[in-house]
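Given chain X, work out where chain U with the ligands should sit, using these hints.
Spelled out, the chains give:
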Amino acid sequence: MDVMQYNFNVEKDDFDRAGEASSNIKKILRQLGIDAAIIRRIAIATYEAEINIVIHSLGGEIDLEVDPSSIKIIARDKGPGIANIELAMQAGYSTASDKVREMGFGAGMGLPNMKKCSDKFEVESELGKGTTISMIMFI
Amino acid sequence: MRISEIKELLCAEILCGEEQVNSEVQYGFGSDLMSDVLAYVKGKTVLLTGLTNNQVIRTAEMAELSAIIFVRGKKPEHELVKLAMENNIILMLTNDTMYTASGKLYSKGLLGVQIDC
Ligand SMILES: Nc1ncnc2c1ncn2[C@@H]1O[C@H](COP(=O)(O)OP(=O)(O)OP(=O)(O)O)[C@@H](O)[C@H]1O
Ligand SMILES: [Mg+2]
Chain X
1 MDVMQYNFNV
11 EKDDFDRAGE
21 ASSNIKKILR
31 QLGIDAAIIR
41 RIAIATYEAE
51 INIVIHSLGG
61 EIDLEVDPSS
71 IKIIARDKGP
81 GIANIELAMQ
91 AGYSTASDKV
101 REMGFGAGMG
111 LPNMKKCSDK
121 FEVESELGKG
131 TTISMIMFI
Chain U
1 MRISEIKELL
11 CAEILCGEEQ
21 VNSEVQYGFG
31 SDLMSDVLAY
41 VKGKTVLLTG
51 LTNNQVIRTA
61 EMAELSAIIF
71 VRGKKPEHEL
81 VKLAMENNII
91 LMLTNDTMYT
101 ASGKLYSKGL
111 LGVQIDC
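Going down the list, the sequences are from chains X and U. 1 is the number of the first residue of the first sequence in the numbering used here; add one for each residue after it. 1 is the number of the first residue of the second sequence in the numbering used here; add one for each residue after it.
Since the hints were made in silico from the structure, they are not lab data. Because the structure is a prediction, the values reported are computed rather than measured. The beta carbon of each residue, even a glycine, is placed where N, CA and C say it ideally should be. Check the hints yourself; a few may be wrong.
Far from chain U by the CB rule (all over 10 Å, computed), these chain X residues [claimed, not checked]:
no.	residue
1	Gly81
2	Tyr93
3	Met109
As a list, the in silico PhoX-like pairs of lysine-lysine whose alpha-carbon atoms are at most 25 Å apart [unchecked claim]:
no.	chain 1	residue 1	chain 2	residue 2
4	U	Lys44	U	Lys104
5	U	Lys74	U	Lys7
6	U	Lys42	X	Lys120
7	U	Lys75	X	Lys99
8	X	Lys99	U	Lys74
9	U	Lys44	U	Lys7
10	X	Lys116	U	Lys42
11	U	Lys82	X	Lys12
12	U	Lys44	U	Lys82
13	U	Lys44	X	Lys27
14	X	Lys115	U	Lys44
15	U	Lys82	X	Lys27
16	U	Lys42	X	Lys27
17	X	Lys116	U	Lys44
Short, incomplete list of chain X residues facing chain U, as computed with Cβ under 7 Å [said to hold, decoys possible]:
no.	residue
18	Lys27
19	Ile44
20	Gly104
21	Ala107
22	Gly110
Chain X on its own, in the form it takes in the complex:
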């Protein structure tokens, strides 16, 4: 199997379409015959990353890379960046607005859950530049 790459655009504040990228990624992985339990972990982690781009960032994109031994998800946005990554990673920490909370988000569980779902997890962020979340799951 060659390395396969896909890219999905994610708009900020677009609550109607939020989740479409993750939904498409889930369908692709299913077509590739990836193990169902691994697909579920990836879908959950990708969706949390996608929602964060929608609610916390200025917009961004998600890359999916599949090679014979692993699946890589990279969620990249255009800012504003995370000031304190250690704090952001704590379960329960959230800066989500009231509007976002009414939609069912803002529990401060997204980043810790992404980490839990991944075999390798990395957050890079620079204020004013943006945030990149890299997640690898071995297959």
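Same frame as chain X, but now just chain U with the ligands:
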């Protein structure tokens, strides 16, 4: 617990997935926090929620929930029902509150996920 039994216990209306009334769920989970659902749900689960936006269905799709019960009579829009049908998720509507609906199901043996204390 069978979907048909849940329907009866909660006097629920089935909004979609009627053809799956004989399927069974293992656990119940009540929440309006989608990230909690994504973090804690395991196995064949029915979600009870007061939220009726599209993200509830997306959450159900990713976490592979079997069914969703909208509590205290909050009816979702057609768009949401369509999205649920595409993803094979059963939708139900009850007039009971989250507490009452959960209590009725729990007392008839539908357990919740076990979270260590
Ligand atoms: N892409 C991002 N850009 C800027 N800030 C972010 C980004 N992702 C997360 N954050 C910050 O980190 C905090 C914690 O994120 P996390 O996903 O854990 O929780 P949340 O999104 O607030 O709530 P939940 O994920 O439970 O719905 C956010 O409230 C926000 O302040
Ligand atoms: Mg989040």
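Requested in this report: Would you list, in rising numerical order, the hints stated earlier that this structure does not obey?
Outcome: 3 and 18
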